[in-house]
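Which chain is which? The protein sequence lines are A and B, in order. If you count the first sequence from 1, position 51 lands on 51 in the numbering used here, and the numbers rise without skipping. If you count the second sequence from 1, position 90 lands on 90 in the numbering used here, and the numbers rise without skipping.
Don't take each hint at face value.
Selected chain B positions facing chain A (Cβ under 7 Å, derived; list incomplete) [as the list claims (entries may be wrong)]:
no.: 1; residue: K53
no.: 2; residue: I107
no.: 3; residue: V110
no.: 4; residue: A112
no.: 5; residue: G116
no.: 6; residue: V121
no.: 7; residue: G125
no.: 8; residue: L142
no.: 9; residue: I144
Once the Cα atoms are required to be at most 30 Å apart in a straight line, the calculated BS3-like pairs of lysine-lysine come out as [said to hold, decoys possible]:
no.: 10; chain 1: B; residue 1: K72; chain 2: A; residue 2: K125
no.: 11; chain 1: A; residue 1: K6; chain 2: B; residue 2: K13
no.: 12; chain 1: A; residue 1: K129; chain 2: B; residue 2: K139
no.: 13; chain 1: B; residue 1: K65; chain 2: B; residue 2: K13
no.: 14; chain 1: B; residue 1: K88; chain 2: B; residue 2: K136
no.: 15; chain 1: A; residue 1: K125; chain 2: B; residue 2: K136
What the hints contain is simulated information worked out from the structure, not anything from laboratory work. Ideal placement from N, C-alpha and C gives every residue a C-beta, glycine not left out.
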Amino acid sequence: MNIAKKIFIQSMAISTAILFLNGVNAVIRHFAGTDITLQWYHPITIVLTGVLCALPTVLLRDEDQWDRKTFRIRVSLHCLALYAIIIGAGRLFGWYTDWESLLSVSIIFFLVYAFVWLLSHWLDKQDEKKINHALDTIRDEE
Amino acid sequence: MRVRFEQVDEKEKEQALIRAVEKTADILSAMDLLENGSGGIQVFRDRNTFFCKLTQIYYIESVDKRTYVYTKGDCFESRDRLYELEEKLGMYYVRISKSMIVNLRKIRNVSAEPGGRMVAVLLNGERVIISRSYVKEMKRRLGIQ
Numbered sequence: 001m002n003i004a005k006k007i008f009i010q011s012m013a014i015s016t017a018i019l020f021l022n023g024v025n026a027v028i029r030h031f032a033g034t035d036i037t038l039q040w041y042h043p044i045t046i047v048l049t050g051v052l053c054a055l056p057t058v059l060l061r062d063e064d065q066w067d068r069k070t071f072r073i074r075v076s077l078h079c080l081a082l083y084a085i086i087i088g089a090g091r092l093f094g095w096y097t098d099w100e101s102l103l104s105v106s107i108i109f110f111l112v113y114a115f116v117w118l119l120s121h122w123l124d125k126q127d128e129k130k131i132n133h134a135l136d137t138i139r140d141e142e
Numbered sequence: 001m002r003v004r005f006e007q008v009d010e011k012e013k014e015q016a017l018i019r020a021v022e023k024t025a026d027i028l029s030a031m032d033l034l035e036n037g038s039g040g041i042q043v044f045r046d047r048n049t050f051f052c053k054l055t056q057i058y059y060i061e062s063v064d065k066r067t068y069v070y071t072k073g074d075c076f077e078s079r080d081r082l083y084e085l086e087e088k089l090g091m092y093y094v095r096i097s098k099s100m101i102v103n104l105r106k107i108r109n110v111s112a113e114p115g116g117r118m119v120a121v122l123l124n125g126e127r128v129i130i131s132r133s134y135v136k137e138m139k140r141r142l143g144i145q
């Protein structure tokens, strides 16, 4: 896939995911009795953060052609770059106000990042099983 | 044996079903003919020309604009480019990377690696990489949704 197209799709996906998480957070807080109010600039900063978070995708270009060591290094760099963007954007746009909320944002970020990779690998493993099963039916005998 | 022909409108819908008491030699050769065609490809090695049956080919690789055909224990060269061979070969030959076509019937098993690529172990023990972007086409060829 063209890298510009990939970055655009990821920008949309990340922005939607952040808006979704904020939406869920707002609903939970509403029923907990503490409504939150978005500032006028919050939606646009979310979209901007989505675009920024998509840029490190360049680090994962041609990821299926790397050896394991390169893969680990690039994914670690990608994770750290995303974390720096999220924390930087959060500070710049005033998404968190104290160390406690910074810590919770950090924990959520790393959990979500690990979850996405694990989910992706689990889906690949499901494909592996289906492909091996299909190959069993056509394999030559040698 | 009665043989019945039924016309379909798309290549993808083509299939043959053989109902028989047992797999005789005639039936096996009919299956081989239907699945792989009668053909093979012309290959070269040390200025000699050979005819390589499609059923013998494990994989085909393009390196520095030259095309190499690998069988169980041999390697030959082809004058065709990879995309030209892709059109000539049967349904069990599938592109697995920019530079490689593999015979699905020669794969022992595949295993998923982090990053979405897969490693295929062939019947002769060789390992080839299936790029992430070609896994979808491979699944389609194998009839996996």
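Here is how each hint holds up against the structure:
no., hint, in the structure
1, K53, "violated (12 Å)"
2, I107, "holds (5 Å)"
3, V110, "holds (5 Å)"
4, A112, "holds (4 Å)"
5, G116, "holds (5 Å)"
6, V121, "violated (11 Å)"
7, G125, "violated (11 Å)"
8, L142, "holds (4 Å)"
9, I144, "holds (5 Å)"
10, B:K72 / A:K125, "holds (28 Å)"
11, A:K6 / B:K13, "violated (33 Å)"
12, A:K129 / B:K139, "holds (11 Å)"
13, B:K65 / B:K13, "violated (35 Å)"
14, B:K88 / B:K136, "holds (21 Å)"
15, A:K125 / B:K136, "holds (14 Å)"
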